[in-house]
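Protein chains: 2
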Amino acid sequence: METYVLFKDLAIILVSAKLCGLAAAKLKAPQVVGEIIAGVLIGPSILGLVQQTEFISGMAEIGVVLLMFFAGLQTSLRDLMRTGWKALLIACAGVFVPLAGGYLLYCLYYGFAPNGSSQFYSALFTGVIMTATSVSITVASLQELGFLKSETGTTIMSAAIIDDVIGIIVLTFVVGMKDPASDPTAVIASTALFFAAAIVFGWLIYRLFLYLDKRWPHTRRIPILGFVVAFSMAYVAEKYFGIADITGAYVAGIVLCSIKDSDYIARKVDVSSYMLFAPVFFASIGLKTSIDDMTPALLLFCLLFVVVALVTKIIGCGAMSKVLGYSTNDAMKIGVGMMTRGEVALIVAQKGLAVGMIQAKYFTAVILLILVSSVITPILLKILYAKKVGGAQAA
Amino acid sequence: METYVLFKDLAIILVSAKLCGLAAAKLKAPQVVGEIIAGVLIGPSILGLVQQTEFISGMAEIGVVLLMFFAGLQTSLRDLMRTGWKALLIACAGVFVPLAGGYLLYCLYYGFAPNGSSQFYSALFTGVIMTATSVSITVASLQELGFLKSETGTTIMSAAIIDDVIGIIVLTFVVGMKDPASDPTAVIASTALFFAAAIVFGWLIYRLFLYLDKRWPHTRRIPILGFVVAFSMAYVAEKYFGIADITGAYVAGIVLCSIKDSDYIARKVDVSSYMLFAPVFFASIGLKTSIDDMTPALLLFCLLFVVVALVTKIIGCGAMSKVLGYSTNDAMKIGVGMMTRGEVALIVAQKGLAVGMIQAKYFTAVILLILVSSVITPILLKILYAKKVGGAQAA
Numbered sequence: 001m002e003t004y005v006l007f008k009d010l011a012i013i014l015v016s017a018k019l020c021g022l023a024a025a026k027l028k029a030p031q032v033v034g035e036i037i038a039g040v041l042i043g044p045s046i047l048g049l050v051q052q053t054e055f056i057s058g059m060a061e062i063g064v065v066l067l068m069f070f071a072g073l074q075t076s077l078r079d080l081m082r083t084g085w086k087a088l089l090i091a092c093a094g095v096f097v098p099l100a101g102g103y104l105l106y107c108l109y110y111g112f113a114p115n116g117s118s119q120f121y122s123a124l125f126t127g128v129i130m131t132a133t134s135v136s137i138t139v140a141s142l143q144e145l146g147f148l149k150s151e152t153g154t155t156i157m158s159a160a161i162i163d164d165v166i167g168i169i170v171l172t173f174v175v176g177m178k179d180p181a182s183d184p185t186a187v188i189a190s191t192a193l194f195f196a197a198a199i200v201f202g203w204l205i206y207r208l209f210l211y212l213d214k215r216w217p218h219t220r221r222i223p224i225l226g227f228v229v230a231f232s233m234a235y236v237a238e239k240y241f242g243i244a245d246i247t248g249a250y251v252a253g254i255v256l257c258s259i260k261d262s263d264y265i266a267r268k269v270d271v272s273s274y275m276l277f278a279p280v281f282f283a284s285i286g287l288k289t290s291i292d293d294m295t296p297a298l299l300l301f302c303l304l305f306v307v308v309a310l311v312t313k314i315i316g317c318g319a320m321s322k323v324l325g326y327s328t329n330d331a332m333k334i335g336v337g338m339m340t341r342g343e344v345a346l347i348v349a350q351k352g353l354a355v356g357m358i359q360a361k362y363f364t365a366v367i368l369l370i371l372v373s374s375v376i377t378p379i380l381l382k383i384l385y386a387k388k389v390g391g392a393q394a395a
Numbered sequence: 001m002e003t004y005v006l007f008k009d010l011a012i013i014l015v016s017a018k019l020c021g022l023a024a025a026k027l028k029a030p031q032v033v034g035e036i037i038a039g040v041l042i043g044p045s046i047l048g049l050v051q052q053t054e055f056i057s058g059m060a061e062i063g064v065v066l067l068m069f070f071a072g073l074q075t076s077l078r079d080l081m082r083t084g085w086k087a088l089l090i091a092c093a094g095v096f097v098p099l100a101g102g103y104l105l106y107c108l109y110y111g112f113a114p115n116g117s118s119q120f121y122s123a124l125f126t127g128v129i130m131t132a133t134s135v136s137i138t139v140a141s142l143q144e145l146g147f148l149k150s151e152t153g154t155t156i157m158s159a160a161i162i163d164d165v166i167g168i169i170v171l172t173f174v175v176g177m178k179d180p181a182s183d184p185t186a187v188i189a190s191t192a193l194f195f196a197a198a199i200v201f202g203w204l205i206y207r208l209f210l211y212l213d214k215r216w217p218h219t220r221r222i223p224i225l226g227f228v229v230a231f232s233m234a235y236v237a238e239k240y241f242g243i244a245d246i247t248g249a250y251v252a253g254i255v256l257c258s259i260k261d262s263d264y265i266a267r268k269v270d271v272s273s274y275m276l277f278a279p280v281f282f283a284s285i286g287l288k289t290s291i292d293d294m295t296p297a298l299l300l301f302c303l304l305f306v307v308v309a310l311v312t313k314i315i316g317c318g319a320m321s322k323v324l325g326y327s328t329n330d331a332m333k334i335g336v337g338m339m340t341r342g343e344v345a346l347i348v349a350q351k352g353l354a355v356g357m358i359q360a361k362y363f364t365a366v367i368l369l370i371l372v373s374s375v376i377t378p379i380l381l382k383i384l385y386a387k388k389v390g391g392a393q394a395a
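Protein sequence lines correspond, in order, to chains P and F.
My numbering applies: residue 1 is where the first sequence begins, and numbers increase by one.
My numbering applies: residue 1 is where the second sequence begins, and numbers increase by one.
It should be emphasised that the hints constitute simulated quantities derived from the structure, not laboratory data.
Do not take every clue at face value.
[To be verified] Quick list of in silico lysine to any residue cross-link-like pairs, SDA-like style, CA-CA up to 25 angstroms:
| id | chain 1 | residue 1 | chain 2 | residue 2 |
| --- | --- | --- | --- | --- |
| 1 | F | Lys351 | P | Thr3 |
| 2 | F | Lys214 | P | Ala23 |
| 3 | P | Lys351 | F | Lys8 |
| 4 | F | Lys86 | F | Phe96 |
| 5 | F | Lys8 | P | Lys26 |
| 6 | P | Lys351 | F | Val5 |
| 7 | P | Lys8 | F | Tyr206 |
| 8 | F | Lys239 | P | Thr53 |
| 9 | F | Lys26 | F | Leu371 |
| 10 | P | Lys8 | F | Gly242 |
| 11 | P | Lys239 | F | Gln52 |
| 12 | F | Lys214 | P | Val271 |
| 13 | P | Lys26 | F | Tyr211 |
| 14 | F | Lys260 | P | Leu22 |
| 15 | F | Lys26 | P | Leu210 |
| 16 | P | Lys239 | F | Trp216 |
| 17 | P | Lys361 | F | Thr3 |
| 18 | P | Lys382 | F | Trp216 |
| 19 | F | Lys8 | F | Ala23 |
| 20 | P | Lys239 | F | Glu54 |
| 21 | F | Lys8 | P | Thr3 |
| 22 | F | Lys351 | F | Leu371 |
| 23 | F | Lys26 | P | Asp213 |
| 24 | P | Lys178 | P | Gln119 |
| 25 | P | Lys351 | P | Thr191 |
| 26 | P | Lys361 | P | Thr295 |
| 27 | P | Lys8 | F | Val200 |
| 28 | P | Lys8 | F | Ile199 |
| 29 | P | Lys8 | F | Leu225 |
| 30 | P | Lys239 | F | Ser258 |
| 31 | P | Lys387 | P | Ala23 |
| 32 | F | Lys239 | P | Val15 |
Given these sequences and hints, build the entire structure.
Here's what the structure looks like:
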């Protein structure tokens, strides 16, 4: 019954996120970095003011879903089509280079192991954890910088979508190697089914909104029903197709990105997001970070894990982009934009734990990866994008 | 971990609330009525699509706090001062007439009992449950009709605030009659302390916002810090002073209602509210309604309970308003605006259950009262306000 307690958490999160965000902006770093650091500061490791409750997790999940829905709404379908095949190749390179990198890191650190042994699976799974890009931080940074709709922005978004799908397929294959209950063919089939269903229902939803838009333009029902579409697709994707809810929300945004009121919906999503949900999401990443149970050997492994995960993503995506004809600066932007990891990496790690492929202590490495990538990606992106136009569109 | 499930609930709540809200508007009833009925429809009693989870309760609580904060922001301090002493008298009449009415109803239905017996306390407590007005529904209706800032609107708001305080004092007195642990003097002292603290800290916060407003007008930090003030005061009021969190949020709104950017904050609060939190709040009232374990005798008592609670509030507040010089139409508006009950009545009932003064089965009566008052108040208000200006400002 004591629901009022949640207001303490929300007040602390909002004020610390905003103050740290403004401090970050003063230091010419993106505000999201400050918001994540705020989460670390107020979290259990340092001040212990706020605990990660189920309610905060739920709010954070809504936050990331709204961010992805917003990103989808801001997408240009024409650009997505144009960058589609390039994005596919970039995503493939961005999955397989980190997969190999993670496997090699584990083998070099703990010794090579025969195929099929438990250590072999741990090594392979270390690679699998590194595969899934999570672009929500990149999306927020590009939005703050005003480059979400740029060509590199669209390429990153498309590649991240495809990356998610390939990552899920790889995960299922690897788990399937040990656990006969998991069927990789079924996963590929359900993924294909999801996109087929998204196209069919997406088209129907798009027609419905075209009608609503014409009949009642700029009324509240349009953004509210937009939320309904985003939440429904997030739910259906994860529940019935095993695809991440954030992917479903992004696809919902793409479905609605071509209607006349898409900017109107995006503005309402944006207000709901930055007033409450997005700060909670970013702070909750910091909240999850715990620096207990750490040995020097494990710490060194964690640091190497982070470096390898980041560098292999930049090499994989960046080199492929360069091969596909992007300039060095744009290739770097794409590589850096793709290197962020998020809750998908945690979900993958959890899956590995459940099937006995990795140990719980490696979670620290995953959280460190999420934290480090979340902090340095926005900074690097700001530097890279400033090179070209001097941050003219900065918010 | 399965946080994605909440998106199903949110999608169902939003789409049903919006559709029922639009249907209500088509029938010339306020949209909030439709949204509450949507909650009954999708709730456990009828379709069983959505359960009242802790997460939904939390979202609903944020919803009602945002509604009260918005109402505070829309207040004119000058009007509040002008209507202050009238509001005090109206609130007193609105507490004591229902208190007597509830007591008499119980005695007439179940028989008079000697002072001090268990039945005497049950009768008295039936009256106590009827005292607390909850204006959130009235606020939402007046806002929809465009009369929140009218003189009757301000009178209702001021009277409801004072009503809350008197209600808490009465509750503590009655509980104190049976339980020596509860000290009415301490309650009066802590209530006085809350308002003293609100004036001191409120003035400091007001000065801070005047500065922020001058230095960075129309920036996101202003509404975000406004949220922080609202959430903090909601928390502190309930945690340290035993005052309802919604009263704290309303006072937070009053603190900020005179700064230049108060409308800017109000707009952001409004978007966050109507896009997600308000529909969840209204639907959750409907969700709580369960129509099991009902005997004909209990049902009749529940119906009489509702009628007495509504009529005594109208008589108490309306007659006092008339005495104070309001026109008959305005007196009716005030009486009807004050007759809504909300979560405070439930909290009071819970308190009575905890100290053994009432039985759990009477909860249905309280929920029915909340539901009926929430449904008919907006309709009556719409009719009453239409009489004067023909709903010219209707949203």
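* For the pair supplied as a hint, Lys178 of chain P and Gln119 of chain P, is the alpha-carbon distance within the 25 angstroms limit? -> holds, 12 angstroms
* Sort out whether Ser258 of chain F lies within 25 angstroms of Lys239 of chain P, counting only the CA atoms. => Violated, because 48 angstroms separates the two Cα atoms, which is more than 25 angstroms.
* Given the hint that Lys214 of chain F pairs with Val271 of chain P, does the C-alpha gap stay at or below 25 angstroms? -> holds, 22 angstroms
* Given the proposed pairing of Lys214 of chain F with Ala23 of chain P, does the C-alpha separation stay at or below 25 angstroms? -> holds, 20 angstroms
* With a cut-off of 25 angstroms on the C-alpha distance, tell me whether Lys351 of chain F and Leu371 of chain F pass. => Holds, at about 20 angstroms.
* Asked: Are Lys8 of chain F and Lys26 of chain P close enough, with their CA atoms no more than 25 angstroms apart?
  -> Violated - the C-alpha atoms of Lys26 of chain P and Lys8 of chain F are around 40 angstroms apart, more than 25 angstroms.
* Given the hint that Lys8 of chain F pairs with Thr3 of chain P, test it: the Cα-Cα distance must not exceed 25 angstroms. => Answer holds: Lys8 of chain F to Thr3 of chain P is near 22 angstroms, not above 25 angstroms.
* Lys8 of chain F paired with Ala23 of chain F [C-alpha distance capped at 25 angstroms] -> holds, 22 angstroms
* Between Lys26 of chain F and Asp213 of chain P, is the straight-line Cα distance small enough, at 25 angstroms or below? -> holds, 19 angstroms
* Does the structure keep Lys86 of chain F and Phe96 of chain F at a Cα separation of 25 angstroms or less? -> holds, 16 angstroms
* For the pair supplied as a hint, Lys239 of chain P and Gln52 of chain F, confirm whether the alpha-carbon distance does not exceed 25 angstroms. => Between Lys239 of chain P and Gln52 of chain F the Cα gap is close to 20 angstroms, so the pair holds against 25 angstroms.
* Asked: Is the straight-line distance between the alpha-carbon of Lys351 of chain P and that of Thr191 of chain P 25 angstroms or less?
  -> holds, 18 angstroms
Violated hints, listed in ascending order, are 5, 16, 30; each of the other numbered hints is respected by the structure.
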